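Here the protein sequences come in this chain order: A and B.
Quick note on the working numbering: the first sequence kicks off at 1 and runs consecutively.
Quick note on the working numbering: the second sequence kicks off at 1 and runs consecutively.
Some clues are possibly wrong.
[Claimed, not checked] Computed list of lysine-lysine pairs in DSS-like fashion (alpha-carbon distance at most 30 Å, straight line):
#1 B/LYS264 to A/LYS377
#2 B/LYS267 to B/LYS101
#3 B/LYS267 to B/LYS310
#4 A/LYS152 to A/LYS48
#5 A/LYS87 to B/LYS310
#6 A/LYS43 to A/LYS377
#7 B/LYS131 to A/LYS377
#8 B/LYS110 to A/LYS377
#9 A/LYS306 to B/LYS21
#10 B/LYS101 to A/LYS306
#11 B/LYS353 to A/LYS268
#12 B/LYS101 to A/LYS268
#13 A/LYS242 to B/LYS47
#14 B/LYS153 to A/LYS324
#15 B/LYS131 to A/LYS303
#16 B/LYS101 to A/LYS377
#17 B/LYS310 to A/LYS324
#18 A/LYS306 to B/LYS310
FYI, nobody ran anything at the bench for these hints, they're computed from the structure.
This one's a predicted model, so the numbers in the text were calculated from it and none came from an experiment.
So the chains spell out like this:
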Amino acid sequence: MSDLETFRAETRVWLEANCPPEMREPVRDETDACWGGRNPTYKSPAQKLWMDRMAEKGWTVPDWPKPYGGGGLSPAESKILREEMAKLGCRSPLSSFGIWMLGPALLKFGTEAQKIHYLNQIAKGEIRWCQGYSEPGSGSDLVSLQTFGEDKGDHWIVNGQKIWTSYADKADWIFCLVRTDKHDKYKGISFLLFDMATPGVTTKPIKLISGNSPFCETFFDNVPVPKDQIVGELNRGWDVAKYLLGHEREMISGAGNAPVGSLGALHKELMAQDPLLRAEMAKLDVDTLAFRAMGEKFIDEMKAGKGHPAQPNMMKYFGTELNKRRAELVMAAGGSDALEWESDGSGGGAKPRQWLRTKANSIEGGTSEVMLNVIAKRILDLPGA
Amino acid sequence: MPLYYDDDQAMLRDSASAFMKTEAPTTHFREFRDRNCSDGFSHDLWKQFAEMGFSGMLIPEDQGGLGMGHVEAGIVLEEIGRNLSPSPFLTTSVIGVEALKAADAATRGKWLPGIIAGETVIGIAVDEGAKHRPEQIAMTAERSGNGFRLTGKKQFVVQGAAADLLIVAARTAGAPGETDGLTLFAVDKDAAHLSMEAARLVDSSMGAHVNFDGVEVDADAVIGDVDNGWAVLTRMLDAGRIGAASEAIGVGAAAMDMTVDYLKQRKQFGRLIGEFQALQHRAAHLYAEMEVARAAVLKAQQLLDAGDPKAELMIAVAKAKAGQAVSLAVKEGVQMHGGIGMTDEYDIGLYMKRDRALAEFLGDANFHADRVARLQGY
């Protein structure tokens, strides 16, 4: 047996022995996932057990180096772990902006001390992070952001407001874009990390059309931030931000964990009665399975350093548009049952709330229109307007 | 296995690309079209395919071929698509070879050496109506003496007029609509009572209508089992479907490249038209569609080469997705070229015509989306 075959066999045995049965069910929605943090809430003892066991092996972040809390796996080993987890239906043990977004940025731009400190906390699910990017006046035009950090020698004093901060009310720390030079638009932004418990930080949830409040407004009123809590160089935070956005877009695209079950197969009787809906479902299955192959190819190419650096923008565009289309068809197939907003039979309106939630997919992390702009300019090299 | 080309496959792509660009570019295609050649391809070029090792690439090594897989065949087909290189590669070296793998040693011994040498051409006689509906085959093969007597009509037999051998699907039992009762035959093109009418298609390739008016064949012309030919027929067709999808990806990629280049050259209103966001977004959307289609095709080929049972579903996904994405590529290509895209002199229209034929070949995007739904149980 080759080393990889041995690794696959051992991994399968370990997963079968250690993944609790409840953790072999798909995550229903964002609130059903394990997010860790200082004050973690677990849906079940199995959820905690699964996270602890995976974290101990470093498999919450299998391809990060071991000194940073990772599993130290090669790309080929990581892929085998993903495949074996998929075969057993094992869910991801830890959902985390630290893993998906901040971690990759720290790996590239962080100091050794920052990597040891922050990455280990992320890998073990000890600190829950949120992202301070958008502001009321800075959405698609993010670089126009105004939140300001005034230099006070050994620290900055940060004032301003962020918006669409996902789970800011539940987060322990924030990675935040702060203007540290008002004279240079691009080279006047720094990437700061600070504790959400710092005096002067307040959050206010925003109620969305889904009835849920996953996003907050976040206010900074004279918040002190020590100088060693900057990632990358002073005024060069935009480079960090752009790099991180690539990972954020990859995450939102659903690459690697997009739903693959056939929606049409769940509604066989209806499919026999409604040929036009069946045709739409068939085309959805085609795109869903094709995009799953794209996700696999994207991850394989990225890990091998082969993919186009702007490819996450394509993934985000296609994945979010597909996800919206799927949610529309969930509603079409559900008919009036899928309109019920609160009843027990509707799971508290799970379908309509999820349908409404998906509308944000093509807005958050860069709109579909911005994604198309980036593809046109960076991949197709079309001339600037 | 990672979902990208390994080093050997990347080398094959480079050599196939250089070969098609040099030996069979679109000027070569135009030359054969304009001389109204009834075979629709150059027999000398087919010999060169053999010298490159392409013609027998899917034939096992112990039978004189290179023993490669469908990923490799797809690499060659994509370059054929990009250059519109006219050749019998898909029908002969991919579909025909896949059928002959199920034939007995004598039949293989009779035909494989000619394929490897670039001398033999195979035609695929499956379709009977205007749309690809293999389970609807009505052509009969009645037992007669030591063999069978074939009666019926076939159409869309690509390069049938130039073929030496026809792979024919006929009904030995059952009724149209049933998958049981079908049998595959290897029929010599020169058999008595077999007549053919060549038909030039929109893309200047040659299809043929073939009439079987009581064609007698021996029992050893049967490929696989009598009455149980559906499985081998499906394997053969699936090899052709994923091959056609690869060729289509080449057609779409070339059309997209030409179009993006044109957006960077053409000026109107004092600006490059590629500066207009209306066109940028359409080009970017097309890029995404083509990337996803390409991934689906490669995934299906890897599954097929690995003998994975999921290959059938993924091939249907890939043919449907490639059909839809490449159709978008050629239509956007013609529209974004404006008036020049309507001229015969400019190549973009040739790509649109080639896509039309490939999209129809062995089942269009709707046929395969329907197949995906059936395979998923609805």
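Results for each hint:
At roughly 12 Å between alpha-carbon atoms, B/LYS264 and A/LYS377 fall within 30 Å of each other, so this suggested pair holds. Note on B/LYS267 and B/LYS101: the hinted pairing is violated, with a Cα-Cα distance of about 54 Å set against a maximum of 30 Å. Using a Cα cut-off of 30 Å, the hinted pair B/LYS267 and B/LYS310 is violated, with the two alpha carbons roughly 48 Å apart. Straight-line distance between C-alpha atoms of A/LYS152 and A/LYS48 comes to about 42 Å, which puts the hinted pair past the 30 Å bound.
Of the supplied pair hints, the one linking A/LYS87 and B/LYS310 holds, its CA atoms being roughly 14 Å apart against a limit of 30 Å. Note on A/LYS43 and A/LYS377: the hinted pairing is violated, with a Cα-Cα distance of about 44 Å set against a maximum of 30 Å. Of the supplied pair hints, the one linking B/LYS131 and A/LYS377 is violated, its CA atoms being roughly 41 Å apart against a limit of 30 Å. With a C-alpha separation of about 55 Å, the suggested pairing of B/LYS110 with A/LYS377 is violated against the 30 Å cut-off.
For the proposed pair A/LYS306 and B/LYS21, the alpha carbon gap of about 25 Å is at most 30 Å, so the pair holds. Taking the CA atoms of B/LYS101 and A/LYS306, the gap is near 36 Å; set against the 30 Å cutoff, the hint is violated. Between B/LYS353 and A/LYS268 the CA atoms are separated by roughly 38 Å; this puts the pair beyond 30 Å, and the hint is violated. Our distance criterion of 30 Å between C-alpha atoms is broken by B/LYS101 and A/LYS268, whose separation comes to about 38 Å.
This hinted pair does not check out: A/LYS242 and B/LYS47 have alpha carbons roughly 53 Å apart, beyond 30 Å. With a CA separation close to 47 Å, the supplied pair B/LYS153 and A/LYS324 exceeds the 30 Å bound. Taken as a hint, the B/LYS131 and A/LYS303 pair is broken in the structure, with Cα atoms around 43 Å apart against an allowance of 30 Å. With a C-alpha separation of about 48 Å, the suggested pair B/LYS101 and A/LYS377 falls outside the 30 Å cut-off, and the hint is violated.
Only pairs whose Cα atoms come within 30 Å are accepted, and B/LYS310 paired with A/LYS324 is accepted, the gap being roughly 27 Å. The suggested pairing of A/LYS306 with B/LYS310 holds, with an alpha-carbon distance near 27 Å, which does not exceed 30 Å.
Of the numbered hints listed earlier, those contradicted by the structure are 2, 3, 4, 6, 7, 8, 10, 11, 12, 13, 14, 15 and 16.
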